[in-house]
Amino acid sequence: MSALLDVRNLRIEFPTRRGVLTAIDDVSFAIGPGEVLGVVGESGAGKSLTGAAIIGLLEPPGRIAAGEILLDGARIDDLTDEAMRRVRGRRIGAIFQDPLAALDPLYSIGSQLVETIRTHLPMGEAAARARAIELLQEVGIPAAARRVDHYPHQFSGGMRQRVVIALALAANPQLIVADEPTTALDVSIQAQIITLLRRLCRDHGTAVMLITHDMGVIAETADRVAVMYAGRIVEIGPVADVIRAPKHPYTIGLMGSIPSVVEDRDRLVQIEGSMPRLTAIPSGCPFHPRCNRAFERCVRERPELLDAGTSLAACWLHAPEAA
Amino acid sequence: MTHMGAEGPPRGANSAPAGGSEATKPRAWGDHHTLLEVSHATKVFDVSLPWLTRALGRQPRLLLHAVHDVSFSIRRGETLGLVGESGCGKSTVARLVVGLYRLSAGTITYEGRNIGALASGRAPRTLRRKLQMIFQDPYASLNPRWRVADIVAEPIRAQRLVRGRRAIDARVDALLSQVGLAAADGQKYPHQFSGGQRQRISIARALASEPDFLACDEPTSALDVSVQAQVLNLMRDLQRELGLTYLFISHNLAVVHHVADRVGVMYLGRIVEIADKGTLFRHPQHPYTRMLLDAIPDLGMTGKQRIPVAGEVPNPLSPPSGCAFHPRCPFANERCRREVPRLLESPDTAARGAHDRVACHAVEERRLGSETSFRAAKSRL
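Here the protein sequences line up with chains A and B, keeping their order.
Each residue of the first sequence is one higher than the last, beginning at 0 in numbering that gives the first Met the number 0.
Each residue of the second sequence is one higher than the last, beginning at 0 in numbering that gives the first Met the number 0.
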């Protein structure tokens, strides 16, 4: 498979006074052209950090300590800041949770769009403005020709997120990294934004790395899903298989803990304890202290992603000799 | 826990305020089981600019109707869920009920006694401590400089529920273990706990007052799903053990479906539909309720294509005329633009003997068809 984005054995570390903390450990995955990969996990799983590393916005002192990130076969993790700035926006677009933080309050959205377009594409002022209006229309902003001169505070939360999507799409990137794009929005607006994102990416053939804690959003949007826990991918596979028949005990627990609007359940499945802190990641499989199926090998030895039918799961239950 | 002695006076005294016609009067079904009754509650906030700025700019006063003519009742041991999008007034309702805000109009009675005056401090302490609240953000609602044991002991000391240091310590230990924490955790500070554990501390503090009623304002919204499951399970266990009554506020319909017995849906300060959980989720009446249910991401992936409803919640400072939902509603007509619909017993459910209520002209006039015609109408938008 010729992957558009290929992340290989990524390791992200934070040097601290008390030693080096490993936040992301040996994470590998690939996204094909036009594919939507969902990345789910609870807070502290490392999903946003992985996204930040891909778009080259890892906050120091965090650093990529090992592994590589390839876009269209060429490494982008070792680029200079200047070169990375050209990749970001032109070839990789980014959408963040808080649309207000992603927009400059002092400039009209039109001038922000024009600036982005002209930074990345050879266009004159007038052509860029025309494209800006076109983009705003495409993301469903009514009266785009008039709204283009408005400032971010004049837009509602849902409309702002549409503007951010327009900014991300401005230079027709091959990949969009969307980090919790709907989390700050109300449910009815959430549905609008997800539908929009899915439609635009299908129309433009853009691949998406969709980072979220919301399994429902993943279920509706993604082709494949990677489940992260304590800085590692514990399960990755086609979205229908992971949701209907999860293979890793963590994914099984996670799916059971989500309340449903259809089913009546007396109690939710409960995973005891909480995500380990970076300073105290357990030996072997990091999930073993919370796992009800852990055995001796889980404490001792760390499982790699193993074949578990259609998906891969980092769990010794799926070791060939256990079967 | 014996409340029977406190059972209220005849209900007629407080259930028919001026202007409340027979139809909008909250029905006091099963009177002696009703623990809390809110009738025609209204909360207006003055959000005007400072006087001088207003005078210079010749700007009028700005009044925000956060809660508008809201009526409902909660039976003892029941959980009423309130859902709605940001700014719909659901949190204000919770704060009115526990007395953190003072009512602008309407009444709230608890065991038949008027507690609308709670915020003014005139209500007796014993009554006030029966209603407690849990907040969304467990990081902001615990004093970072106090040890957990002191946080939990404060209401016990303030209300002199238990006397003597040793007895208080024992009570705190019991409360901590009741919410799944260790007695030794009492000596730690809030920052040493995770979000879920902090919410457990908030619950222990609320339980310290020995309440019968808890208003829970988005208690799990700041938590991860697996931690949310722990807290929701704990709340259910406590409800059974202690016979608690909950008012559960959330924007998450799945969470409300899990915890609630009955559900009220709010839009721009008003309840637009209130019904038993099963009815509301399986046979929603109001177009807004249908839209909300339709907007839930589908985990079952039954391949249903969502049709997101156009538009957004209008500015509550200048709500639309008539039915506040009419600009987004596929069924709106002239009457909807003109006349505010009242919360009426819906024609279909009244026949079945249920007391579900819905505020919609289209439902009342039976203009609203089946689920399929609803979807068809919506997709034409």
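No wet-lab data here; the hints were simulated from the structure.
All C-beta atoms in this analysis are idealised placements derived from N, C-alpha and C, irrespective of residue type, glycine included.
Hints are supplied without guarantee of correctness; some may be wrong.
Straight-line Cα separation of at most 25 Å, SDA-like style, residue types lysine to any residue; simulated pairs [as the list claims (entries may be wrong)]:
{"#": "1", "chain 1": "B", "residue 1": "K187", "chain 2": "A", "residue 2": "R89"}
{"#": "2", "chain 1": "B", "residue 1": "K129", "chain 2": "B", "residue 2": "A173"}
{"#": "3", "chain 1": "B", "residue 1": "K187", "chain 2": "A", "residue 2": "G272"}
{"#": "4", "chain 1": "B", "residue 1": "K187", "chain 2": "A", "residue 2": "E262"}
{"#": "5", "chain 1": "B", "residue 1": "K276", "chain 2": "A", "residue 2": "V261"}
{"#": "6", "chain 1": "B", "residue 1": "K187", "chain 2": "B", "residue 2": "R162"}
{"#": "7", "chain 1": "B", "residue 1": "K129", "chain 2": "B", "residue 2": "D149"}
{"#": "8", "chain 1": "B", "residue 1": "K276", "chain 2": "B", "residue 2": "S317"}
{"#": "9", "chain 1": "B", "residue 1": "K276", "chain 2": "B", "residue 2": "E110"}
{"#": "10", "chain 1": "B", "residue 1": "K276", "chain 2": "A", "residue 2": "V268"}
{"#": "11", "chain 1": "B", "residue 1": "K187", "chain 2": "B", "residue 2": "F212"}
{"#": "12", "chain 1": "B", "residue 1": "K276", "chain 2": "A", "residue 2": "P281"}
{"#": "13", "chain 1": "B", "residue 1": "K276", "chain 2": "B", "residue 2": "F134"}
{"#": "14", "chain 1": "B", "residue 1": "K187", "chain 2": "A", "residue 2": "P281"}
{"#": "15", "chain 1": "B", "residue 1": "K187", "chain 2": "A", "residue 2": "R276"}
{"#": "16", "chain 1": "B", "residue 1": "K187", "chain 2": "A", "residue 2": "R17"}
{"#": "17", "chain 1": "B", "residue 1": "K276", "chain 2": "B", "residue 2": "L316"}
{"#": "18", "chain 1": "B", "residue 1": "K276", "chain 2": "A", "residue 2": "V260"}
{"#": "19", "chain 1": "B", "residue 1": "K276", "chain 2": "A", "residue 2": "S273"}
{"#": "20", "chain 1": "B", "residue 1": "K187", "chain 2": "A", "residue 2": "R289"}
{"#": "21", "chain 1": "B", "residue 1": "K276", "chain 2": "A", "residue 2": "R276"}
{"#": "22", "chain 1": "B", "residue 1": "K276", "chain 2": "A", "residue 2": "R266"}
{"#": "23", "chain 1": "B", "residue 1": "K129", "chain 2": "B", "residue 2": "H32"}
{"#": "24", "chain 1": "B", "residue 1": "K276", "chain 2": "B", "residue 2": "P319"}
{"#": "25", "chain 1": "B", "residue 1": "K187", "chain 2": "A", "residue 2": "G255"}
{"#": "26", "chain 1": "B", "residue 1": "K187", "chain 2": "A", "residue 2": "P275"}
{"#": "27", "chain 1": "B", "residue 1": "K187", "chain 2": "A", "residue 2": "T278"}
{"#": "28", "chain 1": "B", "residue 1": "K129", "chain 2": "B", "residue 2": "E217"}
If you anchor each label on the Cβ, the simulated ranges turn out as follows [said to hold, decoys possible]:
{"#": "29", "chain 1": "B", "residue 1": "Q58", "chain 2": "A", "residue 2": "D148", "range": "50 to 58 Å"}
{"#": "30", "chain 1": "B", "residue 1": "Q58", "chain 2": "A", "residue 2": "S27", "range": "54 to 62 Å"}
{"#": "31", "chain 1": "B", "residue 1": "A139", "chain 2": "A", "residue 2": "S27", "range": "33 to 41 Å"}
{"#": "32", "chain 1": "A", "residue 1": "S155", "chain 2": "B", "residue 2": "Y138", "range": "25 to 33 Å"}
{"#": "33", "chain 1": "A", "residue 1": "D148", "chain 2": "B", "residue 2": "H32", "range": "36 to 44 Å"}
{"#": "34", "chain 1": "A", "residue 1": "D77", "chain 2": "B", "residue 2": "H190", "range": "35 to 43 Å"}
{"#": "35", "chain 1": "B", "residue 1": "L55", "chain 2": "A", "residue 2": "E81", "range": "31 to 39 Å"}
{"#": "36", "chain 1": "A", "residue 1": "A244", "chain 2": "B", "residue 2": "A139", "range": "35 to 43 Å"}
A quick look at each hint next to the structure:
1. Of the pairs offered as hints, the one joining K187 (chain B) and R89 (chain A) is violated, with about 50 Å between alpha carbons and a cut-off of 25 Å exceeded.
2. A distance of roughly 19 Å separates the Cα atoms of K129 (chain B) and A173 (chain B); the hinted pair therefore holds under the 25 Å criterion.
3. Pair hint K187 (chain B) plus G272 (chain A) holds up; C-alpha atoms about 18 Å apart against a cutoff of 25 Å.
4. Of the supplied pair hints, the one linking K187 (chain B) and E262 (chain A) is violated, its CA atoms being roughly 39 Å apart against a limit of 25 Å.
5. A threshold of 25 Å between alpha carbons decides the hint, and for K276 (chain B) with V261 (chain A) the separation of about 11 Å falls inside it, so the pair holds.
6. Distance check on the hinted pair: K187 (chain B) and R162 (chain B) sit about 23 Å apart at the alpha-carbon level, within 25 Å; holds.
7. With a C-alpha separation of about 20 Å, the suggested pairing of K129 (chain B) with D149 (chain B) holds against the 25 Å cut-off.
8. Distance restraint check for K276 (chain B) and S317 (chain B): the Cα-Cα separation of roughly 32 Å exceeds the 25 Å cut-off, and the hinted pair is therefore not satisfied.
9. Using a Cα cut-off of 25 Å, the hinted pair K276 (chain B) and E110 (chain B) holds, with the two alpha carbons roughly 24 Å apart.
10. This hinted pair checks out: K276 (chain B) and V268 (chain A) have alpha carbons roughly 21 Å apart, not beyond 25 Å.
11. Restraint check for K187 (chain B) and F212 (chain B): the C-alpha separation of about 28 Å exceeds 25 Å, so the hint is violated.
12. For the hint linking K276 (chain B) to P281 (chain A), the alpha-carbon distance of about 42 Å lies beyond 25 Å, and the restraint is violated.
13. At most 25 Å may separate the alpha-carbon atoms for a hinted pair to count; K276 (chain B) and F134 (chain B) meet this at roughly 23 Å.
14. At roughly 23 Å between alpha-carbon atoms, K187 (chain B) and P281 (chain A) fall within 25 Å of each other, so this suggested pair holds.
15. Using a Cα cut-off of 25 Å, the hinted pair K187 (chain B) and R276 (chain A) holds, with the two alpha carbons roughly 18 Å apart.
16. Restraint check: the Cα-Cα separation between K187 (chain B) and R17 (chain A) comes to about 23 Å, which is no more than 25 Å; the hinted pair holds.
17. The straight-line distance between the Cα atoms of K276 (chain B) and L316 (chain B) is roughly 31 Å, outside the 25 Å bound, and the hint therefore fails.
18. Distance hint between K276 (chain B) and V260 (chain A) is fulfilled; the C-alpha atoms sit about 10 Å from each other, no more than 25 Å.
19. Taking the CA atoms of K276 (chain B) and S273 (chain A), the gap is about 31 Å. The hint is violated against a cut of 25 Å.
20. Note on K187 (chain B) and R289 (chain A): the hinted pairing holds, with a Cα-Cα distance of about 23 Å set against a maximum of 25 Å.
21. Proposed proximity of K276 (chain B) and R276 (chain A) is contradicted: the alpha carbons are some 39 Å apart, above 25 Å.
22. Only pairs whose Cα atoms come within 25 Å are accepted, and K276 (chain B) paired with R266 (chain A) is accepted, the gap being roughly 17 Å.
23. Proximity of K129 (chain B) to H32 (chain B) is assessed by CA-CA distance (about 16 Å); at most 25 Å being required, the pair is judged to hold.
24. Distance hint between K276 (chain B) and P319 (chain B) is unfulfilled; the C-alpha atoms sit about 29 Å from each other, more than 25 Å.
25. With a C-alpha separation of about 32 Å, the suggested pair K187 (chain B) and G255 (chain A) falls outside the 25 Å cut-off, and the hint is violated.
26. Pair hint K187 (chain B) plus P275 (chain A) holds up; C-alpha atoms about 19 Å apart against a cutoff of 25 Å.
27. About 19 Å separates the Cα atoms of K187 (chain B) and T278 (chain A), which keeps this hinted pair within 25 Å; it holds.
28. Restraint check: the Cα-Cα separation between K129 (chain B) and E217 (chain B) comes to about 20 Å, which is no more than 25 Å; the hinted pair holds.
29. As the Cβ distance of Q58 (chain B) to D148 (chain A) is approximately 25 Å, the hint placing it in 50 to 58 Å is violated.
30. A hinted range of 54 to 62 Å holds for the C-beta pair Q58 (chain B) and S27 (chain A), which are about 60 Å apart.
31. Checked against the given bound of 33 to 41 Å, the beta carbons of A139 (chain B) and S27 (chain A), roughly 39 Å apart, stay inside it.
32. Range check, S155 (chain A) to Y138 (chain B): about 27 Å between beta-carbon atoms, so the 25 to 33 Å window is met.
33. Range check, D148 (chain A) to H32 (chain B): about 59 Å between beta-carbon atoms, so the 36 to 44 Å window is missed.
34. Look at D77 (chain A) against H190 (chain B): about 38 Å separates their beta carbons, and that is inside 35 to 43 Å.
35. Checked against the hint of 31 to 39 Å, the pair L55 (chain B) and E81 (chain A) fails, with Cβ atoms roughly 50 Å apart.
36. Remark: the range hint 35 to 43 Å for A244 (chain A) to A139 (chain B) is upheld by a beta-carbon distance near 40 Å.
Hint compliance for this structure: hints 1, 4, 8, 11, 12, 17, 19, 21, 24, 25, 29, 33, 35 are broken, all remaining hints hold.
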